[in-house]
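Novice: As given, the protein sequences belong to chains X, V, B and A, one line each in that order.
Under the working numbering, the first residue of the first sequence carries the number 1, and numbering increases by one thereafter.
Under the working numbering, the first residue of the second sequence carries the number 1, and numbering increases by one thereafter.
Under the working numbering, the first residue of the third sequence carries the number 1, and numbering increases by one thereafter.
Under the working numbering, the first residue of the fourth sequence carries the number 1, and numbering increases by one thereafter.
Hints should not be assumed to be uniformly reliable.
Keeping only pairs whose Cα atoms sit at most 20 Å apart, straight-line, the calculated EDC-like set for lysine to aspartate or glutamate is [claimed, not checked]: (1) A:K42 <-> X:D265; (2) B:K304 <-> V:E329; (3) A:K42 <-> X:D266; (4) A:K22 <-> V:D152; (5) A:K318 <-> B:E277; (6) B:K22 <-> X:E343; (7) B:K39 <-> V:D266; (8) A:K304 <-> X:E331; (9) A:K318 <-> B:E280; (10) A:K39 <-> X:D265; (11) B:K318 <-> A:E277; (12) B:K39 <-> V:D265; (13) A:K304 <-> X:E327; (14) B:K318 <-> A:E280; (15) B:K22 <-> X:E153; (16) B:K42 <-> V:D266; (17) B:K318 <-> A:E276; (18) A:K304 <-> X:E329; (19) A:K22 <-> V:E343; (20) A:K304 <-> X:D333; (21) B:K42 <-> V:D265; (22) A:K318 <-> B:E276; (23) B:K304 <-> V:D333; (24) A:K22 <-> V:E153; (25) B:K22 <-> X:D152; (26) V:K311 <-> V:E41; (27) B:K304 <-> V:E343; (28) A:K39 <-> X:D266; (29) B:K304 <-> V:E331.
Hints were generated in silico from the structure; no laboratory data involved.
Chain by chain, the residues run as shown.
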Amino acid sequence: MAIAREAEPVSSIKETKEAGLDREDLLGIYRNLILTRGIEERGHILYKQGKIPGSFYTGRGNEAAAVGVATAMRPEDVGTPLHRDMGVHVVRGVEPWRMFAQFMGRVDGPTRGRDGNVHMADDRLGLIAMVSHLPAMLPVAVGAALAFRIRDEKRVAIGWFGEGASARGDTHESMNMAGVRRLPVVFICDNNQWAYSTPTHLEFACETIADRAQAYGFDGVVVDGTDVLAVYREAKRAIEKAREGGGPTLIECLTLRMEGHAVHDDAFYVPKEMFEEWAKRDPLERFRTWLRDNADFTDEEEGEISEQVKKLLNDAIRKADESPLPEPEGEVDAVYATPEELETPHHK
Amino acid sequence: MAIAREAEPVSSIKETKEAGLDREDLLGIYRNLILTRGIEERGHILYKQGKIPGSFYTGRGNEAAAVGVATAMRPEDVGTPLHRDMGVHVVRGVEPWRMFAQFMGRVDGPTRGRDGNVHMADDRLGLIAMVSHLPAMLPVAVGAALAFRIRDEKRVAIGWFGEGASARGDTHESMNMAGVRRLPVVFICDNNQWAYSTPTHLEFACETIADRAQAYGFDGVVVDGTDVLAVYREAKRAIEKAREGGGPTLIECLTLRMEGHAVHDDAFYVPKEMFEEWAKRDPLERFRTWLRDNADFTDEEEGEISEQVKKLLNDAIRKADESPLPEPEGEVDAVYATPEELETPHHK
Amino acid sequence: MAVKTYLQAISDALRDEMRRDKRVFVIGEDVGVYGGAFKVTKDFQQEFGPWRVIDAPLSETAIVGGCTGAAIMGMRPVAEMQFADFISCAWDQLVTVAAKQHYRAGTPVPIVVRLPSGGGFSGGPFHSQNPESSFAHIPGLKIACPATPADAKGLLLSAIEDPNPVLYFEHKHLYRRIKDEVPDERYTIPFGEARIHREGDDVTLVTWGAMVYTADEAAKQLEGELSVEIIDLRTIAPWDRETVLESVAKTSKALVLHEDTQTAGFGAEIMATIMEEAFEDLDAPVKRVTAPDTPVPFAPPLEKWFLPQVEDVVAGLKDLAEY
Amino acid sequence: MAVKTYLQAISDALRDEMRRDKRVFVIGEDVGVYGGAFKVTKDFQQEFGPWRVIDAPLSETAIVGGCTGAAIMGMRPVAEMQFADFISCAWDQLVTVAAKQHYRAGTPVPIVVRLPSGGGFSGGPFHSQNPESSFAHIPGLKIACPATPADAKGLLLSAIEDPNPVLYFEHKHLYRRIKDEVPDERYTIPFGEARIHREGDDVTLVTWGAMVYTADEAAKQLEGELSVEIIDLRTIAPWDRETVLESVAKTSKALVLHEDTQTAGFGAEIMATIMEEAFEDLDAPVKRVTAPDTPVPFAPPLEKWFLPQVEDVVAGLKDLAEY
Ligand SMILES: Cc1ncc(C[n+]2csc(CCOP(=O)(O)OP(=O)(O)O)c2C)c(N)n1
Ligand SMILES: Cc1ncc(C[n+]2csc(CCOP(=O)(O)OP(=O)(O)O)c2C)c(N)n1
Ligand SMILES: [Mg+2]
Ligand SMILES: [Mg+2]
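Excised from the complex, chain X in its bound form (with noise of 0.2 Å):
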């Protein structure tokens, strides 16, 4: 018996001025995914030419589920954002060329090459850098949405986990809390399909992961993660709701990991219908179809976005690979903060 609603899709531009986007942010919309991907395609081939040092991420399949959900976001909310959610740093500003360095392990990257991969995140965007462990960024956010509460902010955290890491204990300590709560949280699942190389039947017994929402005691939503506008107004909708005292919601974006987990892995055990089927769905070919069949978008706005985002990822690129590679310089001192790294506004 499923228990998560599921989210229709989204059909008119109507529909999206209702959700409260005009025409500009559909074009924005548009121009984020293609930002992503091309971060993320450009990234790929810096690491083919041997200029990012140890491995690297993709989130071919993800973009319109990351973006839509940063998209939903305001300024003041947080998120927590993971190795598939490129978009999410993009829709909340993120410096291409600070993305690069980061790759490539050069000093102007956010951890000034101390991480690498999108182990980082600019937290004056309201994003906090994450760790590997899968899902350990969970009680983070569940905690950012708790001083939320204490303090009576209409704010909101977002926490991403992907469907593999949802048997951990993290997702459950979070979402437990959360609900016992009822705090300003929204918990995001890219369901990509595959954790690695384990499908779903091997991750989780039940038929949906929104399923558990109903166990935490909140909604849960499953959304076709390859449709930027449906996962847009489910955001928006769940934020919304968070933010005025609703509680948590649990969404969960369905799409497939449409590369190996990583450069090394060529995803052998990932049936070739279901790429094919997949790409049949590729988010940004259906965003682009959408806009045309309802918000006349043009060869010439295609074009331009296309120019304007090709060269700001060639001056990206240069200007990161201009960045040097860090010198070990105040390491150790690094580990620890300094009192005066509290003098900031919001640890007023």
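Please arrange chains V, B and A with the ligands on chain X, whose structure you already have, making use of the hints.
Specialist: Same frame as chain X, now just chains V, B and A with the ligands:
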């Protein structure tokens, strides 16, 4: 919306026959209930006499849940009972004097004074000694079930946890893995409505703990934990279902912790009315009445049993008190097992 | 200046700080209505309400991780573990998230975790441990182990002010047994500054927590015979190398005493450092008196054998004297 | 006798043991269809089926706790952590249940947890750690850190035979880089017996894991100038005190080298023990060469700075020589 099934009470002797209990068994159950409470009442007295170091816990109110489940187990089944489940040790055949020796930290306690309270078990009785950390024994119970599944043995593991411990990640990881692999394990939630001083509405936000079973792809049942026969029937069903490959079941036994969390706690935070209401449903009284009404239980029989038990307890305490306190000897060596210790049947 | 128990000093310091600083809140199991298993937060909820004195579900990971998130949002969380032993359930949140967030991302994580620790009353293997050594190995964490009521206050306030995750070990055996004067005004005691508990010239004894009293008793017994300088580290991460090394330069002999088990315990780090920095000063190998490498046993005779006793310290000091 | 990579030696030993002993099974994330993140169990599932090579959910606690339960029921579980770093998520199960069950209840817990560990390839803070020191402090656990293909085989078989919980650290940097001869027949290498990797007279160098090769390189560079005895501990719980002390008695000088961070790392225990047992033999303070007290950095220049380099060891050895 409640999801778990609510188990109906056991009415007639006919039903118990169907459940495979003849009159002898029923009297045995009664005796085990009396003995369980007797051991804990005497323990409490010993504590007050200063004969028991540290603290002391009882399962008053939980006797029927513990005895009912244990009675449904087969000899080859295994379990990880907790601090409210003395009845399980009793049904499996622990010698009371060893139990008292354990309480008093004597060498003849199953842990020879190395651990206290019910932090013990006789593995020859198919029980695994609990740790304090709750519910860290659930993954262990699931692992026992995994062993049975790997070896295709028709054996079942029973894992106990409190409704408070349901909040911990271990509960989730255990049930998720058990559900995914449909392992022969039955989860018993001793819901005594309090976690130390914490009421259920601060522990979980769903209606019943049993409702969570669906999040793991198996059935949940709520049973009146003061009705030993209903508990027995539900446990029997679940255990045999698991044995036949039907996968896990979560049984929530609803009762009230009729004393403080431990001897030092006067439970001031529990509403008087709550104690009064549940006192009317004392598991022993209920079953005694049931036996009188349905199995012509006579005063003679009752007197006989209570005499037996009283004598058993007196002898046990005397014998336990003769057991010396341990001298430190080979403590450091005892930390590690020797290869010879694996020369046991089930390690062959 | 009032005389307070160790427990009262902690309780009062925390209450005063919550009155002074709205960002400070308490979260833990049974800390509200019940006032905590040891009553450190007794009546706090009446004064500060259910959102600053939070009765949490039985979820150490969510408690510590939740504090991390709240701290990043500008709060000053003080979590209570019901017993220090249960911090094992939040190990990952502490070592993976809280300890590493600043080095990686430059994000300060000002949280305090209060840990009622230590043995001496038949708590058994899971209600008696001193897990500080395991954490002392993790860069990014700070660790306080106060021994006196006055230090308990000053170190707690420093811990709350500190922009880093702090594990604050309060020894259960000291809670009501130890009474002493505590200054009324607000003050902090810097981390990494040891306290010379007792001056002496012949042997340096380095310890912390409840063992300070065991050391003191041993030193008293040896009065006249041997002059022992007792250094109470007060914090082990960071720890006061200078004070220890200065003392060793004076005495040329040292004994390290801790209640935690021996192998790879923090005592080994102190010995290694003394060897590295003061080898030439040493007239004898530094000695260790610690618990043996077993879980904490329950039965009184076993626990007595497990916990370092005054006799053990006296014997160790005599060995050193005679070396 | 075949030449194998370190990884192949582990894989073959595990496969052979599973053929020999039906009680042995493997469980972990992606160990089945995928053959494990490093392919140690490649093709195992085809041979042994899905119930002896189990693809587990992302649940370190359930994996390790599950192994504990299965072991108590007579199985010989071998769990794989995808990276050693993730064992932090099973800390409680290991230190609270597996490590203490035998002392408390007399129940043997024969489990093995395989831990791909170590840095050297920009894995960053969470895919490069060497968490062995944290566990070395916990009574009840055993810890192996093989350096050679032959030891990897012999120690893995000992670990599986051992009636206690064993953490088996396999260094990722050795997986494919190190090739050597491995005896074909089944053999075990007892825990607590070090291997003299290289004989020498002037300085004793104690290390384990990947650092054995760093030590070897340093010793080579100093050939003629200084004669270094390299002791590969192979297991750190238990560890071979006798061999180390004998060597120190001969050389009078010692250097301890490990890839894990310094403070309260296992090196400190080795130094403390040498001080306690061989103080009179020492002509110089025992030296430590370790990683600094930070998370493992990602960028190559930072990671190089973090990981002990041959130059660092050479410098340390020279200091000792000149002392
Ligand atoms: C606690 C923990 N264990 C293991 C890993 C190794 N690991 C990295 S990603 C991954 C799969 C995660 O699957 P999912 O949660 O579905 O996220 P996805 O990568 O599919 O987006 C695993 C096992 C980890 N990061 N954390
Ligand atoms: C991980 C952990 N945290 C805290 C405790 C301390 N503690 C002991 S019993 C208890 C309450 C448990 O409540 P519940 O699970 O409902 O079991 P009950 O005692 O009510 O039977 C707590 C918090 C513990 N034993 N384990
Ligand atoms: Mg996934
Ligand atoms: Mg309860």
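Novice: Look at each hint and say if it fits the structure.
Specialist: For each hint, the structure was consulted:
{"no.": "1", "hint": "A:K42 <-> X:D265", "verdict": "14 Å, holds"}
{"no.": "2", "hint": "B:K304 <-> V:E329", "verdict": "13 Å, holds"}
{"no.": "3", "hint": "A:K42 <-> X:D266", "verdict": "15 Å, holds"}
{"no.": "4", "hint": "A:K22 <-> V:D152", "verdict": "13 Å, holds"}
{"no.": "5", "hint": "A:K318 <-> B:E277", "verdict": "18 Å, holds"}
{"no.": "6", "hint": "B:K22 <-> X:E343", "verdict": "16 Å, holds"}
{"no.": "7", "hint": "B:K39 <-> V:D266", "verdict": "14 Å, holds"}
{"no.": "8", "hint": "A:K304 <-> X:E331", "verdict": "13 Å, holds"}
{"no.": "9", "hint": "A:K318 <-> B:E280", "verdict": "19 Å, holds"}
{"no.": "10", "hint": "A:K39 <-> X:D265", "verdict": "12 Å, holds"}
{"no.": "11", "hint": "B:K318 <-> A:E277", "verdict": "18 Å, holds"}
{"no.": "12", "hint": "B:K39 <-> V:D265", "verdict": "12 Å, holds"}
{"no.": "13", "hint": "A:K304 <-> X:E327", "verdict": "10 Å, holds"}
{"no.": "14", "hint": "B:K318 <-> A:E280", "verdict": "19 Å, holds"}
{"no.": "15", "hint": "B:K22 <-> X:E153", "verdict": "14 Å, holds"}
{"no.": "16", "hint": "B:K42 <-> V:D266", "verdict": "15 Å, holds"}
{"no.": "17", "hint": "B:K318 <-> A:E276", "verdict": "16 Å, holds"}
{"no.": "18", "hint": "A:K304 <-> X:E329", "verdict": "13 Å, holds"}
{"no.": "19", "hint": "A:K22 <-> V:E343", "verdict": "16 Å, holds"}
{"no.": "20", "hint": "A:K304 <-> X:D333", "verdict": "18 Å, holds"}
{"no.": "21", "hint": "B:K42 <-> V:D265", "verdict": "14 Å, holds"}
{"no.": "22", "hint": "A:K318 <-> B:E276", "verdict": "15 Å, holds"}
{"no.": "23", "hint": "B:K304 <-> V:D333", "verdict": "18 Å, holds"}
{"no.": "24", "hint": "A:K22 <-> V:E153", "verdict": "14 Å, holds"}
{"no.": "25", "hint": "B:K22 <-> X:D152", "verdict": "13 Å, holds"}
{"no.": "26", "hint": "V:K311 <-> V:E41", "verdict": "14 Å, holds"}
{"no.": "27", "hint": "B:K304 <-> V:E343", "verdict": "34 Å, violated"}
{"no.": "28", "hint": "A:K39 <-> X:D266", "verdict": "14 Å, holds"}
{"no.": "29", "hint": "B:K304 <-> V:E331", "verdict": "13 Å, holds"}
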